[in-house]
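Engineer: As you go down the protein sequences, you meet chains A, B, C and D in turn. When we follow my numbering, the leftmost residue of the first sequence carries the number 137, and every step to the right adds one. When we follow my numbering, the leftmost residue of the second sequence carries the number 2, and every step to the right adds one. When we follow my numbering, the leftmost residue of the third sequence carries the number 5, and every step to the right adds one. When we follow my numbering, the leftmost residue of the fourth sequence carries the number 5, and every step to the right adds one.
No lab work stands behind these hints: they were computed from the structure. Just so we're clear, the structure is a prediction, and the values are computed from it rather than from any experiment. Using N, Cα and C, we set each Cβ at its ideal position, and we do this for glycine too. Mixed in with the good hints there might be a few duds.
Each pair of labels, with its calculated beta carbon distance range [claimed, not checked]: (1) C:28 to A:530: 54 to 64 Å; (2) D:78 to B:121: 51 to 61 Å; (3) D:73 to A:161: 46 to 56 Å; (4) A:157 to D:74: 46 to 56 Å; (5) D:73 to A:586: 57 to 67 Å; (6) C:28 to D:73: 17 to 27 Å; (7) A:530 to C:30: 46 to 56 Å; (8) A:639 to B:168: 55 to 65 Å; (9) D:36 to B:168: 10 to 20 Å.
Okay, derived cross-link-like pairs now, EDC-like style, lysine to aspartate or glutamate, Cα gap no bigger than 20 Å in a straight line [to be verified]: (10) D:62 to C:26; (11) D:14 to A:444; (12) A:166 to A:423.
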Amino acid sequence: MPEDTVALPSVEDALALGLTAAEYELVCEKQGRAPNVLELAMYSLLWSEHCAYKHSKKLLRTLPTEGPHVVMGPGENAGAVDVGGGLVCAFKVESHNHPSAVEPFQGAATGVGGILRDIFAIGARPIAVLDSLRFGEPSTARSRYLLDGAVRGIGHYGNSIGVPTVGGELYFEGPYEHNCLVNAMALGLAPADRLVRSAATGMGNVLVLFGASTGRDGIGGASVLASAELGADEDKRPTVQVGDPFEEKKLMECSLELLERGLLVSLQDLGAAGLTSSACEMASKGEMGIDIELAQVPLREPDMQPFEIMVSESQERMLCVVTPANVGAVLELCKKWEVTGTAIGAVTDTGQIRVFTGGELVGDMPVRALVDECPLYDLKPERPSQPIYPPAAAVLSGEESPTETLLALLASPNIASRRPVFEQYDAIVQSRTVRRPEQADAAVLALPDGGALAVSIDCNGRRVAADPYLGTIEATLECASNLACVGAEPLGTTNNLNFGNPEKPHIAWQLTEAVRGLAEACLALGAPIVGGNVSLYNEGAASGPIYPTPVIGMVGRIPALALCGRLGFVNEGDEIALAGACSSSLLASELAKLRGEILPDALAQFDLQAICATQRAVAQAVAAGRLQSAHDIAEGGLAVAVAECCLAGGLGASVTLEESGDPTTALFGEAPGRFLLSGATAQMELLAQEIPLERIGTVGSERVLLTAGQARLDCTLAELARAHGSLGALLP
Amino acid sequence: MKFGVLQFPGSCDEVDALQAARRVGDAELLWHGERDLRGADAIVVPGGFSYGDYLRAGAIARFAPVMESVIAFANDGGPVLGICNGFQVLCEARLLPGALLPNANLRFTFRQVKLEIANPDCAFTSAAAGAASLSIPAKHSWGRYYAEEHTLDEMERTGQVVLRYLPGHNFNGSLRDIAGVQNATGNVFGLMPHPEHAVDEMTGSTDGLRIFESMRLTVEGARA
Amino acid sequence: MRARVLIRPKAGILDPQGVAVERALPALGFEDVSGVHIGRLVELDVQDPSQLQAMCEKLLANPLIEDYEVQLLDGSQ
Amino acid sequence: MRARVLIRPKAGILDPQGVAVERALPALGFEDVSGVHIGRLVELDVQDPSQLQAMCEKLLANPLIEDYEVQLLDGSQ
Ligand SMILES: Nc1ncnc2c1ncn2[C@@H]1O[C@H](COP(=O)(O)OP(=O)(O)O)[C@@H](O)[C@H]1O
Ligand SMILES: [Mg+2]
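The following block holds chain A by itself, in its conformation from the complex (with noise of 0.2 Å):
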């Protein structure tokens, strides 16, 4: 190493980086001296909770993840399966929380930038987006900022790179207020012998670096942002990182015309950690060295010191590996796309990592130490004795009447239509979308075999922090029931686990019962973990905890495009069933929200083999075309359920429930695997032969009769309508 005239940077400034002194004192263990600078910033990035998984990698151990449509798991940029006729499906979720918190539009945007990126590195042209949002009350300003800017954001990405957004979920709840949540997810198809891996390989193999020039933006991003709860403190404001989709929409062209031409070795996109991520991690698993020539990074801005260029995390940038014959393609390929491409280092035999500039050794770290030694630590789980989530104000006394009570749940932010959201995405870019929002419980993408894609992101994080692990059970069956309606069977699962401090003994409690949940749940759905992503510390620093939120994300299959569901009722006269065994209670319900009722300590039991059963059966009903419509019980219950029924397809229904129970349970109570179906009553004959299923009444006519017991609920579409369209208030 060159004799550094700059101070060596103290132990001080590597606990204000995010290190532990233990894990300093490591650092330097590992260098066999104290590392300087720009060394001390990689350190602090990769090992960070962000990129090193510190707190998870242990429980993530325990997911399943193998299948027999698994092509890629956990561990590239994103997973893959197969999906037939020669072609494979690369998904992942990503979450953005921190960043669209400090600046919603640019936060989301480069959420959705990110993802892409994932995606396309890995060989995939990306064919739809999905988004997962939760914010605080509409009630406040803050909120409905942060909703206005988020959805800007994804639409403004999303729109202008030509990759539909196809479907998403939005909860409002207090405990988001201060940590909002903004996940995106991403899927791509890819001839199944394109796919490319980030593995640098091959001795004086060349580093190119394409895309966007490198700026200060985002310096510090990674780890301070995502491992310190966000303050009041306005200062510690980072540099907001903007998002340029037209230069993405380069760079993916050009990526994946290099792919295509067979000139890259591999392939890895730059974004938490920017520069010091991708480079390490390509030569990690590529068991490598890398060098690298800081001088010839082209950089936004003129005097960036070393350690500001290598932790950068300027958006739309590629780093590939390619070898000295092609280098003179690959520069030419991006000077068709108008992408600047840059051989910018070397992969080396040495297994270290060591930056130059201007020939000038600035820094030189062991790779393994970077990206494998980091330290990880065990949870220390302990169910909390007290509630952590104060209740939610009151909005109605249960006084009301049932048809006031529908109306309530109807026009909760928590149901209404998102048509207000989804209206500011282009759904059918690519001329794939079959399925979109509010057509069907889950988007359907036609494949070019005649079959089809279908997918679901989902996850109610109140229902999680009553009970982690039922919950998260109940958030993938959730999904897996949106694809039996539509007609699909599983194939895979990618997941983003959004949750509180894990060093907080209950916050590691949830996380570890939820990761529980996930593995039974996937196991048992015989879906697959291919990848994810987790995002900790999401606290407010006066409001606490977000609720435990494990999104899910699900992609299925469709044997016959033609055939797949739709959730609107279809013809005057179908017959109108309630298929499913379990029985409803309005526990964690979001009637119980409404009514201002604390979250209880544990939700109802189920049987989850019970429940897979159902599900396959409906969906081998729909994907036979034996039904007219299909759609999954979920927030509300069965009186919403049969309401979006009605409204999807303009027509009425008359329903008589016959269970003795309590009504406004049976009208208004959740529980996981439940469907309203319609169709023929020979077809409900049939069906009732394979799962437990109950004819409850009749569509047609103009108005919406609803009967349990006592209770009689009557309302006429348009009285439906106007509630159900209550989000307009929020985004004027």
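Knowing the structure of chain A, use the given hints to seat chains B, C and D with the ligands on it.
Structural biologist: Chains B, C and D with the ligands only, in chain A's frame:
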């Protein structure tokens, strides 16, 4: 009959347009940096965000080398269809009157819209004759059609207003509900809604196919 | 030389952004604001300032819908 | 009183519009243009110009990523 579909950096709907055109004829993509139209009988300037739509939608794309050839082709009477961003490009290139401004609702909006055919005799709607209305998706943030009052009067008089939003469907605030216009000689046509996304029942509607069908009839009619 | 171009919506053309800002201000406690118009600001370094007008006509502004005004800034910039 | 607010991307923050325009200009025959930045222009009538700064902070600009400059124009406007 062969369509040439332009491709700019930032085009998004060019493959959709290509596939739609292929339902009625041959079609190939034409790269923005080349001047050769490769013998195309009709040109489609597709939707998307050419050059990110930075500055003004379509403002930069209209200077692409391929546009020089398209302008010459149009001036020779060749049929040119501009969809969404392509419509904006054709206005910026002065091949069509008027301009497109940010939506009155100030948001990107995606909605299936109903359109009235204001000029059923035009080269781009002849195959839709008799249709009461067309159902075609629109999706844009810069779709508010504007031209000066006297220009609008003149356009209405001469049949240059080809498509209008039906009542309740003009979310972008276009003057006189204008959704699509043609030039004075009737060979250049631009519209904000996306006919290439309405060519298959599976994805919603087939009304857009009639626009491509009309272009084929026009080209073949001229040849006969 | 540093130059600045101010580009405004032409008088008489609806400026929904200006309207939206004008509507939002009172709720934030700013009364008595009117005539709000929103346009674009372009700043650039040019060798030859005589090119600026052509640049505006051709690219930076659309004269059908926008007016523009060129300001030459202190050459020392 | 008529006022003008110039809003620009903060130094160091990516300005994708400026980059795209700068790249386009040479092809249109405008060489030697550099440092292109694109921002917004807000013009308005205010009774109380002392409110302008607060207005910018709260609504007109996004102080996280934009700088602003307030100009008071000739009162006769
Ligand atoms: N909750 C999770 N479940 C399964 N795999 C996960 C999870 N979180 C992260 N992973 C996997 O760990 C790897 C590293 O993730 P990440 O650091 O987010 O990658 P990237 O930098 O490419 O976004 C990826 O392969 C990802 O799929
Ligand atoms: Mg990645």
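Engineer: Of all the hints given earlier, name the ones this structure violates by number, lowest first.
Structural biologist: 1, 7 and 9
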